[in-house]
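Visitor: So the chains spell out like this:
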Amino acid sequence: MIPNILVVDDSLTMRLIVQAAMVGAGWKVVLATNGKEALDKSQDGSFDLVLSDWNMPVMGGLGFIQGLRAQSKYKDTPVLVLTTEEDDVSKAAARELDVSGWVNKPVDPDGLVEFVAELLGIDPAN
Amino acid sequence: MSGLDLSQFYETFFDEADELLAQMEQLLLELDAQAPDIEQLNAIFRAAHSIKGGAATFGTFQKLAETTHLLENLLDAIRRGDMALRADMVDIFLETKDVLKSQLDAYRASEEPDEAVYERICAVLRQLAEEDGAHGAAPAAASAAPAREETMHMPAASATGTSDKPTCVRIRDVSGKDAQSLLEEMGNLGTVLHSESKSGGLSVWMQTTCSVADIEAVCCFIVDADQLRITHEAAPASAASDVVSQFEAAASSFTPPDAPAPSAARPAGNVAAPRPQKAATPAAAPADKESTSIRVGVEKVDQIINLVGELVITQAMLTQTASTLDPVVHDRLLNGLEQLERNARDLQESVMSIRMMPMDYVFSRFPRVVRDLASKMGKQIELETHGRATELDKSLIERIIDPLTHLVRNSLDHGIETPDKRIAADKDPVGKLTMSAQHHGGNIVIQVTDDGAGLNRERILKKAMEQGIPISENMPDEEVWQLIFAPGFSTAEKITDVSGRGVGMDVVRRNIQDMGGHVQLSSRTGQGTTTRIVLPLTLAILDGMSVRVGVETFILPLNHVTESMQPTEDQIYTVAGDERVLHVRGEYLPLVEMHRAFAVGDAQQDPTQAIAVIMQAEDKRFALLVDHLVGQHQVVVKNLEANYRKVPGISAATIMGDGSVALIVDVFALARANREKWSSAAETVLN
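Chain order of the listed sequences is U and C.
Residues in the first sequence are numbered from 1 upward in steps of one, following this note's numbering.
Residues in the second sequence are numbered from 127 upward in steps of one, following this note's numbering.
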């Protein structure tokens, strides 16, 4: 099974980099530019892992992950927050939503792939 | 693992950062330092945040990453309310934006940004952070460090009190009409903070004193209890900062569950309900823009325009060929051709509109220019822009920036007075500069108006005399104003570093003329000056009059043609050797014989058997002698230089319906080439 990953970021550069890294690892990637769009896409599709930015226009990471968790199919889906934010309030909010990790930008694409693979329980080498 | 080559994303990052910086500048200019709008602050922060994130990820743009990092920290403290925003901070932020832009440009050119500038701006930003003490600048390491990943070990859900959180009511499988009623009911129970609808479900966050049971009881009038779920939780981030009185907004923007993208999640902006804070829309706009537009290279668009041009020509050729056919026999073919003509015309119009860009692209850079210049000159100036949505061809819009900047500088420097002078003149101390754009037929009219001192007639005349420009004391004002377009003309009492540095109004006029337009000035002493630029909407098609000279066909730009006539013997005077002038209603016009100007054989030699077309170029009029008029056409302009070489007196070429090439006459060039001959010729006649 090829993992299907939802990547949410308002920055085109970041979306493209993360996409290239994930696709490079042989995974499928769907992109969204904000939480709202991501929520719509999450309803239509089914994702094995979600990578989301925190501070985005229209709907930020908090609103998105809340909406995501409200859907039964995403109750236990691993969610990674990928952001430059470091404040404790945001982190605590994410923790309450059972987020698997808070990854601080700048992100090392290869390191991210390893981390994601670990969460998915697969060996990235294969 | 094979490392991902990040350099392939540089271009995307540069473009994105460019856009973000422009956005940041616009937002900073709109920001009210006394009462900053939280949405605007967030959007500014987000721009800095995105640039930093990208720059740091690449690892190669250290200076850019560090500068944005410092800026981001300050913005973060301000938006959190840890630091109060001051007007001078906005200035520093704007300056930082300029530095970031220059850093970005340097990286784009594969150069290292200026070290001194970088050190200085960082010092300024660090000092700002220390001054307030609230948020010391974080160490540079944060942005320079390689990837740091912190996996959080999730503790059991923290036991924060739930009572202070809003009540969240979630209802699944609800119709649009029921959702509307539910929202209204909940509005009666408390204050609706935020609502969202998605895939048939409705979520409402509200502040209420009612118990869960009460809410359930009310909702059960409309839906079943098992569709309901009521919890206490924070509203989504985007709604958290939102103001009250959102109920109306949420209700009015509510869309049925099966409709995509409810707009309630985006606070205000396009919602009808009035909002105390201004302009939340700019923050939301870029996201919308991204999903509804695509980036296409200009050369691709130009290629389409060229092809459509060819199509229109082919269609014209077909129509011309078919015009000899018997309409009764070939009824269906002719109908089809008519249809083709309409379609081709529509297609051409649609394709041309792709190249069109709103004037906003130009106007948006002026608030900054005006702000900077005004503070430099100790003047108070309010800038107003109208017609930002007016569209103009991309190639023209880029070329209009410099002339407009020059006009604005002139208005600010020489036009609008200092506040004390204005008060003395019984005027509002705040000067007003208005820029507007509007369509007028096939033209766009761009105006720059100031309410300053106006042009000084005496000073212009004096200066013109010094420069040896022929003048007379009783010249009408319009002609006096035209004098300032003379090369090297400047009436400024002293040359300032803002304007009056050699580049004069003559360059402005030359630039505008090269774009196929013209400039007009009007001014009233003590009341201000208006500069009016008239430009064709596009350079790719032209309304022309085709004329025949010998075997050749020429196209005269229709907007320069004023009238045509067959001259009589007594209207033609020969002066100064073989130069001729045409006497029309008391006016002596230089007569330019096309067959002589362009050396065409077989042309009509006798002027009384030919047609004189009277042309208006700038302030001068002249008559062009042609054999006969053929008709009016919209022609597709083909660049002659690209396909052949520059020909004096010819601006471009086009392909006619019969497939032959016709040359488009450069009216200004003809006027310039004949100018000296004219004045001497006209004087000879008059004396």
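Because the hints were derived from the structure by calculation, they are not lab data.
We put the beta carbon where it would ideally sit given N, CA and C, even for glycine.
Among the clues, some could well be false.
Derived contacts from chain U toward chain C, CB cut-off under 10 Å, selection only [claimed, not checked]:
{"#": "1", "residue": "3"}
{"#": "2", "residue": "9"}
{"#": "3", "residue": "11"}
{"#": "4", "residue": "16"}
{"#": "5", "residue": "55"}
{"#": "6", "residue": "66"}
Visitor: Each hint: holds or not?
Guide: Status of each hint after checking the structure:
no. : hint : result
1   : 3    : violated (17 Å)
2   : 9    : holds (9 Å)
3   : 11   : holds (4 Å)
4   : 16   : holds (5 Å)
5   : 55   : holds (6 Å)
6   : 66   : holds (6 Å)
In this structure, only the earlier hint numbered 1 is contradicted, and the remaining ones agree with it.
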